[in-house]
Structure formats: structure tokens, C-alpha cells
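Colleague: Quick note, the sequences are listed as chains A and B, same order.
Counting in this note's numbering, the first sequence runs from 2 upward without gaps.
Counting in this note's numbering, the second sequence runs from 15 upward without gaps.
Read the hints as simulated data drawn from the structure, not as lab findings.
One or more of the hints may lead you astray.
[Stated by the list, open to error] Derived coverage of chain B by chain A (criterion: at least 3 residues anywhere in the stretch with Cβ under 8 Å from a Cβ of chain A; other residues may be distant): (1) 40–54; (2) 89–97; (3) 402–410.
[Claimed, not checked] With a Cα cut of at most 20 Å, we get these calculated DMTMM-like pairs of lysine to aspartate or glutamate: (4) A:K193 <-> B:E33; (5) B:K50 <-> A:E37; (6) A:K108 <-> A:E37; (7) A:K199 <-> B:D35.
Given the structure is predicted, the values throughout are model-derived calculations rather than measurements.
C-beta atoms are modelled at their ideal positions from N, C-alpha and C, and glycine is treated no differently.
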Amino acid sequence: MNIVVCVKYVPDAQADRTFSQDNTTDRTNVDGLLSELDEYAVEEALKLAEAGEGEVTVVTVGPDGAAEAIKKALQMGADKGVHVLDDAIHGSDAPATSLVLAEAVKKAAGGSPELVLMGLASTDGTMSVVPAMLAERLGLPQITQLSSLEIADGKVTGRRDSDAASDTLEAPLPAVVSVTDQINEPRYPSFKGIMAAKKKPVETWSLADLGVDAGQVGLESAWTKVESFTARPPREQGEIVTDEGDGGTKLAEFLAKAKLI
Amino acid sequence: MSAPNPALTKLLATDGLLEEDERDLAAVVRRFGDEKLRPHLAEWFEAGTVPARELAPELGKLGLLGMHLDGYGCAGSTATQYGLACLELEAADSGIRSLMSVQGSLAMTAIHKFGSEEQKQEWLPRMAAGEALGCFGLTEPDFGSDPAGMRTRARRDGDDWVLNGSKMWITNGPVADVAVVWAQTDDPSTSSGRGKIRGFVVPTDTPGFEATEIEHKLSLRASITGSLAFTDLRLPGDAVLPEVAGLRGPLSCLSEARFGILFGAMGAARECLEIALAYAESRKVFDKSLSGYQITQTKLADMAVELMKGTLLAIHLGRRKDAGAITNEQVSVGKLNNCREAIKIARECRTILAANGITLDYPVMRHANNLESVMTYEGTSEVHQLIIGQALTGESAFR
Ligand SMILES: Cc1cc2nc3c(=O)[nH]c(=O)nc-3n(C[C@H](O)[C@H](O)[C@H](O)COP(=O)(O)OP(=O)(O)OC[C@H]3O[C@@H](n4cnc5c(N)ncnc54)[C@H](O)[C@@H]3O)c2cc1C
Ligand SMILES: Cc1cc2nc3c(=O)[nH]c(=O)nc-3n(C[C@H](O)[C@H](O)[C@H](O)COP(=O)(O)OP(=O)(O)OC[C@H]3O[C@@H](n4cnc5c(N)ncnc54)[C@H](O)[C@@H]3O)c2cc1C
């Protein structure tokens, strides 16, 4: 089975994150990495490929640094990478990202992929919408947010957990599937993986290579626009409630004041 | 929790001396340390143990066990890559690096260098995967720095070998599946009746093998250390390591492990300094940050200087080893300097953390205590001074 995994390169959430002059996420002057939630999608793809036959291709849409995200996935064990890199993509919103991804996935799979795996959400935008948009653009069924996944008889089956219930969902292949951080434990790149990745093929495609019109993507054609932003205020000192026999009441007052109860 | 200190990283500027794959490897091992080791180390240290059997397969998956060896499931890394993995593991704890060193540099290296094809096939792939644990028995209760005096005897009985004696301070001994044991053989044809020292591959379930854990250690507590006793332990003739006789065998393995330690010690030092830098910045004394005082800055500057010198020395020796040009004396220079400076740094950092420094809430005193063992095993500092002294003067001052 040929699996395409969409992985995003995001600013490291452990470090300071900020916006650029044009109010888009600063992706150049910060440390970036493979979105941690996408590691689960990579791991799931590797497990499927290892269990049967198949090849895992990772696709990313992002700036120069996004090559890091591909490298990490290749070090984990993916077979090849595709980096869609074009200055015109800067500032693209989710619809535009999904448009570019759709063309890249088709080209990478040489037509229609058998399975597209994605993360639960990126750790920067965190909208969780790109998988659904991509499925729509590819005309494929989508099952999102799976915490378990099985492939058999040309179908993908999996469990989606919510607070109140667990649904078992099924779709015929090919399909677009997004997975949660409950589905597996992503492997660390091994030493051999790190060395092997250096020899794995990575293709870099521009919008022209994909036949996407630059006018359909980028900041100018985004449907939403960030007007302004303010830095999050520094965290305030916690309040210590001393229990003098009335701790419970005081706690309740505190919660009520914060409108939490 | 440790976090890279950007100012320190910038000052050291060692990244520019490393290849991309070397940096990536170091980053993976550091992350492994952050996620799988650091959250548990205080607990393991306090309990005086480590889940060696569970950790070994994880180290195996990372490809760190016997990583510098070729074939038999080993990763075939360069010496520098191996050193960097030691550095990042030891930044978490010297005990974890010891687990890796003893498995890879001592037990596996002995089998890889001197073993028969059958011994290699039987043990190396499982040891590389961390499914089988090994230990290395050289030191005895009465013979540490001078292993030539060892009392453990291997007597020929028909085709078999029969071992009697004991070993002491053996890392991984009580949890090992296989022990590489060095013993004095008998040789009736010599005037003393003694033959050469030989190595034996001893499955630890052989009757007559007994391992006892050494308790009450104040150092390297997140590591399992034991004594081994052999009582009429009978081994088939092919249990001997065929390719070496004499002390050269164990000593050449020690040289490999020493090399890993000269990187590792700098990991422990870096961790302490990173912690102390963060602490000094946030700690207020007499109304301002501890880091703003000249005395503190003198300490921090001197420590950074030694960390940088030691790290550069390690990388230099790594490159020499990869060029096939390193000498034992040079390894001694690295082991001596880097352990000595690392323990000084750890202790100095402890003064910056003051009372907090004496607890397991911070890793500095754990590291300082661990480094007492690291200075002692694989040749004490004095032994390395004697090795370097001999290289400089041509005179041996060992006896
Ligand atoms: C507060 C906020 C402000 C924004 N401001 C702007 C703006 O000013 N202008 C603008 O144009 N857009 C803006 N965006 C959209 C932003 O660019 C999105 O990050 C982007 O379109 C992808 O959506 P997402 O990161 O939320 O992905 P999600 O839908 O959360 O991602 C889910 C999965 O899709 C895949 N995926 C997502 N992105 C990629 C990628 N690039 N390459 C490969 N796989 C991918 C991954 O598998 C990922 O796990 C904003 C978003 C937010 C939340
Ligand atoms: C935690 C731990 C784990 C260990 N793991 C292993 C293991 O896995 N396998 C193994 O075989 N061994 C192991 N060892 C043993 C270690 O290698 C020895 O402790 C070390 O070689 C020193 O030997 P010793 O303790 O007997 O000291 P001694 O040899 O008794 O030395 C005592 C002192 O005398 C000094 N000295 C020795 N000779 C001279 C000289 N000629 N001139 C001047 N001074 C001298 C020494 O430097 C030291 O200061 C371990 C030790 C520790 C603490």
C-alpha cells in the first residue's frame, strides 16, 4: 500500500513564538520542527507499511526550513519526501494549503493515493480543518481523529473517541484519515534511521510544478486576515488558599469569582 | 528539567564542528533523555536501582548498543557519533551511560574483537537489540588498578574449562545474561604454573555462577553493580575468547569505554552548568539575581571555560579516533581531564544551588556523586597520570 503522510513544519512550541510584520506566523526567525502531532501519523504509516508491503511518502507545504520536517520523518523511516516550496505560498490559509496539498498528494502518488494520513491538528494553527478540506478536494472519503486504525478488505476502519461515546467508523479505500495522539507511540529516529535518511530522495516542487495558479494562494487571497495581535500577558502568580477549616468555602468562592462555577 | 541554554550553546559553538547527522543524533538522544530518563532519574537514584532490562531494548531500538561496531545487528557508527551519544546519555545520568558503555564498549567489544564466529552470532545481535544484557568482569576485591594480580583461575579439565574465583564492582552483573570474565589460566609447562589471562563468555545461568548486588552505594545509584562468584563453574572448551591471550584483551576493551567516558563526563558537566545558569538567574539574593554578582559570574565563567575546553578535547579525540590515529595516552588525557573537570563543575554548581543543590530535585549533586565513580572506573585519575607520565618520560612509575 502506498501511503502519503502530510506533515507540517511548525515553530517550536517550547521556544518563543511570534508573528512577522505582515501578521503571519513567524516561521523564519524561530526554531522549527515537525509538528509533534504529525509524528503519530508518520508512525501509523510506518506501522502499516511494515506490516505489509508499501511505501511511505511524506509531503509538506512550507518554507525552506520545512525540509527539517521531512528529514525527521525520513529518519523515522519514511521512504521519500516531497517539499512544496514557493514564495507565493507565504501567508496561505487553510483552503489554500489544502489546495496545494491536494495537487502535491496526487502528483506524489502518481494519480490517486491509497491512503492519506494526517495529524489531529497542527501545533501552530491548530484548526483541524485541513484533512477535511483535502478529502473534499481529492473527492475521497474522510475519517478524522481516529484513535485506532485497521486496514482490511479494501477498507479502513477505526475508532473515534469523544467524551460521551466511541464511534467505530469505516470507509472504503482510498481515503483521507487523520489520527490522534492516542493511536500509537511514535518511535525515535534510530541511529541507522538518521544515516539512512541522508540517502533518501526528496523532491522539491514549486506551484508551477503542481499546476497551481499563484493567485489562488498566499496572503492576498486568504479568506481570513489577522488584523492585530497582542502578546499573551505573562502568567500571574497563583493564589494560595490557606485552609483554616474553611478551605472548601474559599475554594468555591475563588472558582465563583473566576466564573468557573 | 534541563533545557539548552542559548547563551552557553552560542559560547561553546561546538555545533559548527559537528556534521548534521551528528547533531541530529545528539538531539534524538537528548530528547530520549528528556522523555524517558530525566522524569525518573531522581526516583531511580533514590531507590538505588534502574530498570535496566526495560531500558536496554529502548537503547537498542535507538541503535546505541554496540553502535560503533560493524555487523551482527550493530549500527556501525563513527567514534565521534558514539561519543556524542555517550555525552547526551550521561547528561541525563552517568549510570545510564554506564549501562550503554558496559554493554557496548566492554562486553560486546570483547566478543566482537576476540570472539569466535559462533560466539558473535549467538550474542551480538541480541545484545545490540538490548534483548540480552552483558557485563564485563575484570576487577576483583583485591585487584582493581592492577588486574594482572587477579586470583580468578581457569583450569583445563579435558576439553572443558573450570572457573573458580570472584569479581567485584561489576556493572550490570546481577541483571546480565552473559558475563565476559577474565581469568588467569593454568599452564603446567611454565615454571610458575601460570599461563596467560584469557577471556570467557559465561552465560549467567551456568551452574556455579552467582551474582550479588552491591548495596549502599552513594554514587552511580541508578546503575546496578554486583559481585560475581564462580564455584567450579564448568564451561565447554569453546567458551574461551579464541582471539586473544594476555592482559591486552581486557585493556583494549577498556580503552574503548574510556573513550566514551571522555565525552560522557562533559555531558554531566553541561547539564549541571545549564541548571546552575537558570537557577542563578531566577534566584534572588540580597534583592537581586544571583547571576548578577561578580563571584557568581567568576564561577560561571570558569566553568564554561572548562566545559568548552573539555568538549573541544573530546571532539578532537573523536576525530583522531575516526582517523585511526588515536593513542592510548591521548585517551588517558581525555579521561583524566574531562572527569576531573566535570566533577569540579558539578560541585561548583552545587554551591550556586546551595541548599536546593543537595536534593534530588536538581541533578547537580547526583551528577557530582556519580562522577566519583566515573573518575574511578576505567582507570583511576592516578592511573591515567601514570600512563601519561610514562609516555612523556619513558619511565614506568606503576611499581
Ligand atoms: C489564529 C490564526 C491566525 C491565522 N492567520 C492567518 C492569516 O493571517 N492569513 C492566512 O492566510 N492564514 C492564517 N491562518 C491559517 C494558517 O496559515 C494555517 O496554519 C494553515 O492554513 C493550516 O491550517 P492548520 O495549521 O490549522 O492545520 P490543521 O488543519 O490543524 O492541520 C491538520 C493536519 O493537516 C496537515 N497539514 C496542515 N498544514 C500542512 C502543511 N502546510 N503541509 C503539510 N501538511 C499540513 C497535517 O497533517 C496536520 O496535522 C491562521 C490560523 C490561525 C489559527
Ligand atoms: C560503580 C562502579 C562500577 C564498576 N564497574 C566495573 C565493571 O563493570 N567491571 C570491572 O571490571 N570493574 C568495574 N569497576 C571497578 C573499577 O574499575 C575499579 O574500582 C578501578 O579500576 C580501581 O580499582 P580499585 O577500586 O580496586 O582501586 P585500587 O586499585 O585499590 O586503588 C586505590 C587507590 O590507589 C591508587 N593507585 C593504584 N595504583 C597506583 C599506583 N601505581 N601509584 C599510585 N597510586 C595508585 C588508585 O588511583 C586509587 O586512588 C567499577 C567500579 C565502580 C565504582
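Colleague: Now tell me if each hint is right for this structure.
Modeller: Hint check:
With 3 residues carrying a beta carbon less than 8 Å from a beta carbon of chain A, the region 40–54 of chain B meets the three-residue requirement, and the given coverage holds. Three residues within the 8 Å Cβ limit are the bar, and the region 89–97 of chain B against chain A gives 3, so the coverage statement holds. Closer than 8 Å: that is the beta-carbon criterion, and the region 402–410 of chain B has 0 residues meeting it against chain A, so the requirement of 3 is violated. A distance of roughly 15 Å separates the Cα atoms of K193 (chain A) and E33 (chain B); the hinted pair therefore holds under the 20 Å criterion.
Restraint check: the Cα-Cα separation between K50 (chain B) and E37 (chain A) comes to about 16 Å, which is no more than 20 Å; the hinted pair holds. Using a Cα cut-off of 20 Å, the hinted pair K108 (chain A) and E37 (chain A) is violated, with the two alpha carbons roughly 25 Å apart. For the suggested pair K199 (chain A) and D35 (chain B), the alpha carbons sit about 8 Å apart, so the restraint of at most 20 Å is met.
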